[in-house]
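Asks: Listed below, chain by chain, are the residues.
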Amino acid sequence: MNASAAALRIAIVGNPNSGKTALFNQLTGTRQKVANYAGVTIERKEGFYTAPSGRTVRVLDLPGAYSLSAASPDEAITRDVCYGRYPGEALPDLIVCVADATNLRLHLRFVLELKRLGRPMVLALNMMDAAAKRGIRIDTALLQERLGMPVVETIAVRRGGTAALVDRLDRDIAPLDAVPEPHDDLHVEVRALLAETVTAPRKTAALDDAIDRVVLHPVLGLAVLAVVMFLIFQAVFSWAKPVQDAIDAGIAMLGTGIGNALPAGALQSLLVDGVFAGLGAVLVFLPQILILFLFILALEESGYLPRAAFLLDRMMLAAGLTGRSFIPLLSSFACAIPGIMATRSIQDPRDRMTTILVAPLMTCSARLPVYTLLIAAFIPARTVAGVFNLQGIVLFTLYVAGIVSALAVAWVAKKLNKDKSEHALLMELPSYRLPHPRDIAIGLWERAMIFLKRVGGIILALTVLLWFLSSFPGPPPGATEPAIDYSLAGQLGHLLHYVFAPLGFNWQISIALVPGLAAREVAVSSLATVYALSGNEAGLPSIVAAQWSLGTALALLVWYVYAPMCISTLATIRRETNSWRQVWITAGYLFGLAYVASLLTFQVARMFA
Amino acid sequence: MRLSDLAKDATAVIHEVEDANLNDPIARRLRELGFVRGEPVRIVAQGPIGGDPLLVQIGFTRFALRRAEAARVQVIPEELA
Numbered sequence: 002m003n004a005s006a007a008a009l010r011i012a013i014v015g016n017p018n019s020g021k022t023a024l025f026n027q028l029t030g031t032r033q034k035v036a037n038y039a040g041v042t043i044e045r046k047e048g049f050y051t052a053p054s055g056r057t058v059r060v061l062d063l064p065g066a067y068s069l070s071a072a073s074p075d076e077a078i079t080r081d082v083c084y085g086r087y088p089g090e091a092l093p094d095l096i097v098c099v100a101d102a103t104n105l106r107l108h109l110r111f112v113l114e115l116k117r118l119g120r121p122m123v124l125a126l127n128m129m130d131a132a133a134k135r136g137i138r139i140d141t142a143l144l145q146e147r148l149g150m151p152v153v154e155t156i157a158v159r160r161g162g163t164a165a166l167v168d169r170l171d172r173d174i175a176p177l178d179a180v181p182e183p184h185d186d187l188h189v190e191v192r193a194l195l196a197e198t199v200t201a202p203r204k205t206a207a208l209d210d211a212i213d214r215v216v217l218h219p220v221l222g223l224a225v226l227a228v229v230m231f232l233i234f235q236a237v238f239s240w241a242k243p244v245q246d247a248i249d250a251g252i253a254m255l256g257t258g259i260g261n262a263l264p265a266g267a268l269q270s271l272l273v274d275g276v277f278a279g280l281g282a283v284l285v286f287l288p289q290i291l292i293l294f295l296f297i298l299a300l301e302e303s304g305y306l307p308r309a310a311f312l313l314d315r316m317m318l319a320a321g322l323t324g325r326s327f328i329p330l331l332s333s334f335a336c337a338i339p340g341i342m343a344t345r346s347i348q349d350p351r352d353r354m355t356t357i358l359v360a361p362l363m364t365c366s367a368r369l370p371v372y373t374l375l376i377a378a379f380i381p382a383r384t385v386a387g388v389f390n391l392q393g394i395v396l397f398t399l400y401v402a403g404i405v406s407a408l409a410v411a412w413v414a415k416k417l418n419k420d421k422s423e424h425a426l427l428m429e430l431p432s433y434r435l436p437h438p439r440d441i442a443i444g445l446w447e448r449a450m451i452f453l454k455r456v457g458g459i460i461l462a463l464t465v466l467l468w469f470l471s472s473f474p475g476p477p478p479g480a481t482e483p484a485i486d487y488s489l490a491g492q493l494g495h496l497l498h499y500v501f502a503p504l505g506f507n508w509q510i511s512i513a514l515v516p517g518l519a520a521r522e523v524a525v526s527s528l529a530t531v532y533a534l535s536g537n538e539a540g541l542p543s544i545v546a547a548q549w550s551l552g553t554a555l556a557l558l559v560w561y562v563y564a565p566m567c568i569s570t571l572a573t574i575r576r577e578t579n580s581w582r583q584v585w586i587t588a589g590y591l592f593g594l595a596y597v598a599s600l601l602t603f604q605v606a607r608m609f610a
Numbered sequence: 135m136r137l138s139d140l141a142k143d144a145t146a147v148i149h150e151v152e153d154a155n156l157n158d159p160i161a162r163r164l165r166e167l168g169f170v171r172g173e174p175v176r177i178v179a180q181g182p183i184g185g186d187p188l189l190v191q192i193g194f195t196r197f198a199l200r201r202a203e204a205a206r207v208q209v210i211p212e213e214l215a
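Quick mapping for you: the protein sequence lines, in order, are chains A and B. Here our numbering is used: the first residue of the first sequence is 2, the next is one more, and so on. Here our numbering is used: the first residue of the second sequence is 135, the next is one more, and so on.
Simulated from the structure, these hints should not be mistaken for laboratory data. Be aware that one or more of the hints could be misleading.
[As the list claims (entries may be wrong)] Stretch by stretch, here's where chain B covers chain A in the computed footprint (C-beta under 8 angstroms, at least three residues):
1) 105–113
2) 118–124
3) 153–161
4) 215–221
5) 384–394
[To be verified] Far from chain A, by Cβ distances over 12 angstroms, these chain B residues were calculated:
6) 135
7) 136
8) 139
9) 141
10) 144
11) 173
12) 208
13) 210
14) 213
This structure is a prediction, so every number in the text was calculated from the model and none was measured. For each residue, glycine too, the CB sits at the ideal point set by N, CA and C.
Based on the provided sequences and hints, a complete structural model is requested.
Replies: This is the structure we're talking about:
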């Protein structure tokens with residue numbers, strides 16, 4: 002029998018923070034497929050499970066919405082799918098509306114709005130455990146009678162917490178009566194329902210009140226935020242190190258092993274210098290990205306991130322951003338790609354564009370290899386003021402330079418924008434909850450896949466391309482210069498040298514900048530390739546320390562603060578904004594800033610040298 | 135009185151949400167989020183700079199509103215209600 006022919010298609014709908022995604026994860030486990038909706042870049046999550054009756058159930062996880070009168074692109078998707086208007090998305094057979102049992106005052110309004118669609122519908126009262134803990138009692142049977150639809154209690158974060166829902170979905174569910182009415186009286190209806198069916202001793206959880214008193218305190222709150230940020234960065238850089246070293250060594254060993262097994266020649270060179278070097282360059286960042294996302298996901302699930310956005314909103318507003326920009330910009334410290342994708346949660350299109358514009362200025366982990374190489378080579382490991390490490394201070398300064406530049410660029414963008422109408426914040430601060438390991442694991446898995454697929458593919462392709470450009474054409478017989486001088490890359494480097502000489506960059510750097518434009522971290526391995534193919538046998542750090550001036554090194558560091566971004570980021574901007582203009586603006590201003598800032602740095606350094 | 139003028143920890147009852155301009159989407163969203171007549175509200179916290187944004191408790195939910203957003207909400211302070 003063809004199971005998919007008889008498959009039941011259900012859509013999970015509900016307010017933000019109602020636990021939809023946890024419910025989706027509990028229902029479908031790892032049988033999920035994440036893609037984008039056609040034409041837009043809002044995540045489309047679909048999964049399936051097999052019901053006790055043997056029927057296949059396809060589950061669609063729709064973006065959270067407060068209302069069917071959409072205020073953001075996310076909400077528009079939910080609205081259109083519910084109405085069966087979304088192109089390429091069939092009208093779901095059944096709507097599972099998820100409501101947080103501890104927040105029915107808000108969530109029931111949307112339930113009533115959805116009810117008026119007249120579709121077959123089930124209400125999942127989620128987080129029943131939290132409701133019970135807070136002494137909230139809900140007369141589910143009465144609520145079911147009043148709503149005229151099946152009401153099932155769920156605890157999405159607990160194993161088996163959705164058994165009742167799975168069981169109920171396996172039985173027939175009748176469609177409701179469509180009521181084409183205005184929504185004005187929904188609040189009145191909600192109040193009547195609550196009065197009849199819910200008894201709640203307190204408005205909010207005592208724990209939430211206590212945590213918020215500290216975390217949102219004007220002084221203590223900012224201190225807590227600073228400590229949290231510090232711990233995250235500490236963890237990203239210290240925990241990841243051993244894993245990164247292991248990956249590095251493992252890939253190198255594999256490359257050498259394969260290199261030894263193959264006869265010397267073009268194929269061997271391609272595999273060892275191209276494919277394995279490129280693969281290593283990508284995989285090495287995975288631990289840092291995963292650790293950063295572990296924290297971001299845990300903080301997001303716990304409900305803390307919106308608090309951070311609350312604390313920073315006024316500051317970010319002054320710079321032309323919004324508190325909501327905080328989360329995407331924080332992600333951009335790992336990699337701008339997930340950061341830019343995270344801007345989907347920003348409702349105001351202007352705020353979203355500005356956030357996307359400045360996200361590449363956050364120091365992503367791909368810049369670290371460049372920074373560490375140059376800092377190790379040029380900045381003495383001295384102790385300053387007894388406690389601080391000079392190298393650490395320089396690294397910190399580079400991070401701060403990125404942040405300050407981002408605020409300045411956002412401020413200029415705000416001044417240039419002609420549309421001065423009001424930007425809205427209107428942000429819900431959810432209840433605190435303990436992050437669930439499974440949801441974090443699934444989130445991490447998704448992030449890892451995005452990174453490996455999108456970034457990995459491009460970086461691998463570029464490394465191979467660079468290997469090709471640096472190896473062909475080979476030197477003519479009786480050539481006196483190193484082989485790379487005759488290659489395409491060598492010729493290109495000498496040409497670019499005219500442009501970059503005022504910044505103090507030599508032709509080797511100029512070559513490495515080309516793939517560095519495409520993916521920053523490749524710059525270091527490119528430099529290594531270029532110097533290796535130029536006949537330098539010493540390691541890259543000693544070559545750099547011996548052959549470059551301090552001015553050149555500083556100019557290159559500054560270049561990478563602005564570093565005309567990687568191709569993957571530009572491609573992501575194109576996809577997320579659907580606009581080539583935004584791509585050109587971003588690439589153009591980054592290139593301009595990088596050039597001017599490096600030029601100033603080099604010329605000033607030369608004056609003092 | 136406006137919600138934006140309410141002191142921290144003070145409670146009030148919502149009178150109505152006013153449109154700042156024609157078809158004000160922010161006012162509409164506020165109403166959808168439950169800012170409707172008769173609903174009790176409380177200012178739970180204020181942002182560290184200039185007391186902006188405000189954290190408003192309404193029903194079981196907490197919303198962060200900028201002062202300009204909160205200024206759309208007319209409230210009647212507790213002691214008068």
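Asks: For every hint, state whether the structure bears it out.
Replies: Quick rundown of the hints versus the structure:
1. 105–113: This one holds; 4 residues, not fewer than the three required, reach chain B with a Cβ under 8 angstroms.
2. 118–124: violated (count 0)
3. 153–161: Coverage by chain B is violated for the stretch 153–161 of chain A (0 residues, Cβ < 8 angstroms).
4. 215–221: With 4 residues closer than 8 angstroms to chain B, the stretch 215–221 of chain A meets the three-residue bar; holds.
5. 384–394: violated (count 0)
6. 135: 21 angstroms, holds
7. 136: 16 angstroms, holds
8. 139: 18 angstroms, holds
9. 141: At about 15 angstroms from chain A, residue 141(B) clears the 12 angstroms cut-off, so the statement holds.
10. 144: Given a closest Cβ separation of 15 angstroms, the condition holds.
11. 173: 8 angstroms, violated
12. 208: 16 angstroms, holds
13. 210: 17 angstroms, holds
14. 213: Holds, since 19 angstroms exceeds 12 angstroms.
Checked against the numbered hints given earlier, this structure breaks hints 2, 3, 5 and 11; the rest are met.
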